[in-house]
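> Here are the chains, one letter per residue:
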Amino acid sequence: MFLKRLLKNKIGLIGVIVIGLNIAVALAAPLLATHDPLTINLEAQAVPPSAQHWFGTDEYGRDIYSRVIYGSRISLYICLLSVVLATVGGVATGAAAGYFGGLVDNVIMRCMDALMSFPAILLAIAILAALGPNLYNVIIALGVVYVPRFARIVRSSVLSLKEKEFVEASRAMGNGNIYIIFRHILPNCTAPLIVQATASLAYAILAESSLGFLGLGAPPPAPSWGNILSDARNFMMENPMMTVFPGVAITLAVLGFNLLGDALRDVLDPRLK
Amino acid sequence: MKQQTILEVKDLTKYFVVGRSIVSSGEVVKAVDGLSFDLFQGETLSFVGESGCGKSTTGRLVLRLIEATRGTVSYKGRDVAKLSGGELRKLRREMQIIFQDPWSSLNPRLTVGQIIGEGLRRNKELSQAERKRRVLEMMETVGLRPEQYGRHPHEFSGGQRQRLGIARALIVGPKLVVADEPLSALDVSVQAQVVNLLARLKREMGLSYLFISHDLAVVEHISDRIAVMYLGKLMELASKQAIYSGPRHPYTQALFSAAPTAEVGRPADRVILSGDVPSPLNPPPGCRFHTRCPHAQDDCRRLEPEFRPLESGHWVACHHPLARG
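Line by line, the protein sequences give chains A and B. For the first sequence, the residue numbers in the numbering used here are 6 to 278. For the second sequence, the residue numbers in the numbering used here are 7 to 331.
Source of the hints: derived by calculation from the structure; they are not laboratory data. Incorrect hints may have been included.
Dumping the calculated BS3-like pairs for lysine-lysine here, alpha-carbon to alpha-carbon at most 27 Å [said to hold, decoys possible]:
1) A:K167 / B:K88
2) B:K96 / B:K82
3) B:K16 / B:K246
4) B:K96 / A:K167
Footprint (simulated), chain B over chain A, 3 or more residues, beta carbon under 8 Å [stated by the list, open to error]:
5) 166 to 173
6) 203 to 215
Cβ coordinates follow ideal geometry from the N, Cα and C atoms, glycine included.
Produce the complete structure using the sequences and hints provided.
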């Protein structure tokens, strides 16, 4: 029903296709890649695209096509896990703040305000500087950065839902807060959450690339899109094609998530129900 | 005949503080102010009054869905406010509520079976099959069809949804049911069905109703006794016969004379009130009704009338009650 409406939406369809291809490429990376993404070939350093190296090679002679293919794994992995982390964190804190109100609400939301007052990338860099750059710390950093967005959305949904009479009815039956939150409140705020999560996936892809570009992402030589772009930057003048391919990959992924997010917002709009 | 008291309410009061901020301590809304009444086993006590007079707040206070500022609610001799969490949960099965709005009172994500069955969740001895059997039985009792078990609320009409809300309230086997304007969101034709359903269920299950309404025709049909509220206070409380044949409080008289009747050529002996209901933020001193009362005298403006029995079972808060009949 919901999926059907999403696929009928043209923008949504394009988004689903782009993201679907992206995921398929990530899953099938060993089949699609022509070279090992980490093998250094000093005989073919920074060569332009050719029949042997479809996207050319980087300064160490690694095949950029294979690196971009494998890069989709790392980039999607980081962005999916960090958004999952942000969602779980945001739902927990936002639901507690909205449902219990008062002091709990104030303490939680002021912390969220503090987190939000930093520019996202700056905060992620600060967290990474504290934790040290590795794959999982990148996920944690991005997750923490996006927690407040989810917390705010969940809190506002919970605030309106907890006044509903079905919540009162459940309380009148003697049910406790935890049961009410999980049974009656959270299931009714999934729509805004899904929209926010999809949009955040796009941000997370970009943020991961930015961190990689700054040398703070997944540690080299791991082929994340940000790393590939960062390596290619030094050869912008001699071999501009090197930067184009990872750039296109990032753009496509972000575009796909954004289109999907827009379509989901239309499809899940509660006013249409 | 001495009836058994199931619910005893004394000096029940709820003040809401609104507009509190860092710079202001806010204002106090006296939503319910010092209500005292009894509810007898097996009766229907209706609360009537204009919008915003505190009827619904009273219903929620009785169930302790909101905490009272002052006063006591005793259910079968036990003070509801003093119960511990566990005791309160047990007691909640005996007191249930039916809501006004059949749209916001049902969780749109759950099925009929889940909504009605929720009340049985705490009953751990029940097997899955037994639970379903009881839900189906209750559905039949309120006039829903068994094949609707797996449907969602949005597939139902207002009247059916209200039946669903009634089934949800009654499956836990309550003794006391607060019905908070259960009819006002329904079409007139459906209202009659639901009123009759409520009356039948009361007989069959031995319920007592605290029936909140502003529809005087329905109230006349279903009530045993009637309580009239104005600005958070009780104005008059008496048997239905006494109220309809001869109200003693000027407000009751005005309220009931405003109700439309189906009689043709009935003389228009209406008491028309002027002005609006004063704000509960700042209720008038003395009798709360004096600003609109056609019989108000000097003492009404200064002294608050006591809620006192004029004769057995007929309580009035008025310095100058109307003559009988």
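> If a hint holds in the structure, say so; if it does not, say that too.
Okay, the hints, checked on the actual structure:
Pair hint K167 of chain A plus K88 of chain B holds up; C-alpha atoms about 25 Å apart against a cutoff of 27 Å. Straight-line distance between C-alpha atoms of K96 of chain B and K82 of chain B comes to about 14 Å, which keeps the hinted pair within the 27 Å bound. Note on K16 of chain B and K246 of chain B: the hinted pairing holds, with a Cα-Cα distance of about 22 Å set against a maximum of 27 Å. Taken as a hint, the K96 of chain B and K167 of chain A pair is honoured in the structure, with Cα atoms around 22 Å apart against an allowance of 27 Å.
Note: the region 166 to 173 of chain A has 4 residues with beta-carbon separation from chain B under 8 Å; the three-residue rule is met and the coverage holds. Given a C-beta distance limit of less than 8 Å, the hint that chain B covers the region 203 to 215 of chain A is violated, as 0 residues qualify and 3 are needed.
The structure shown violates just one earlier hint, number 6.
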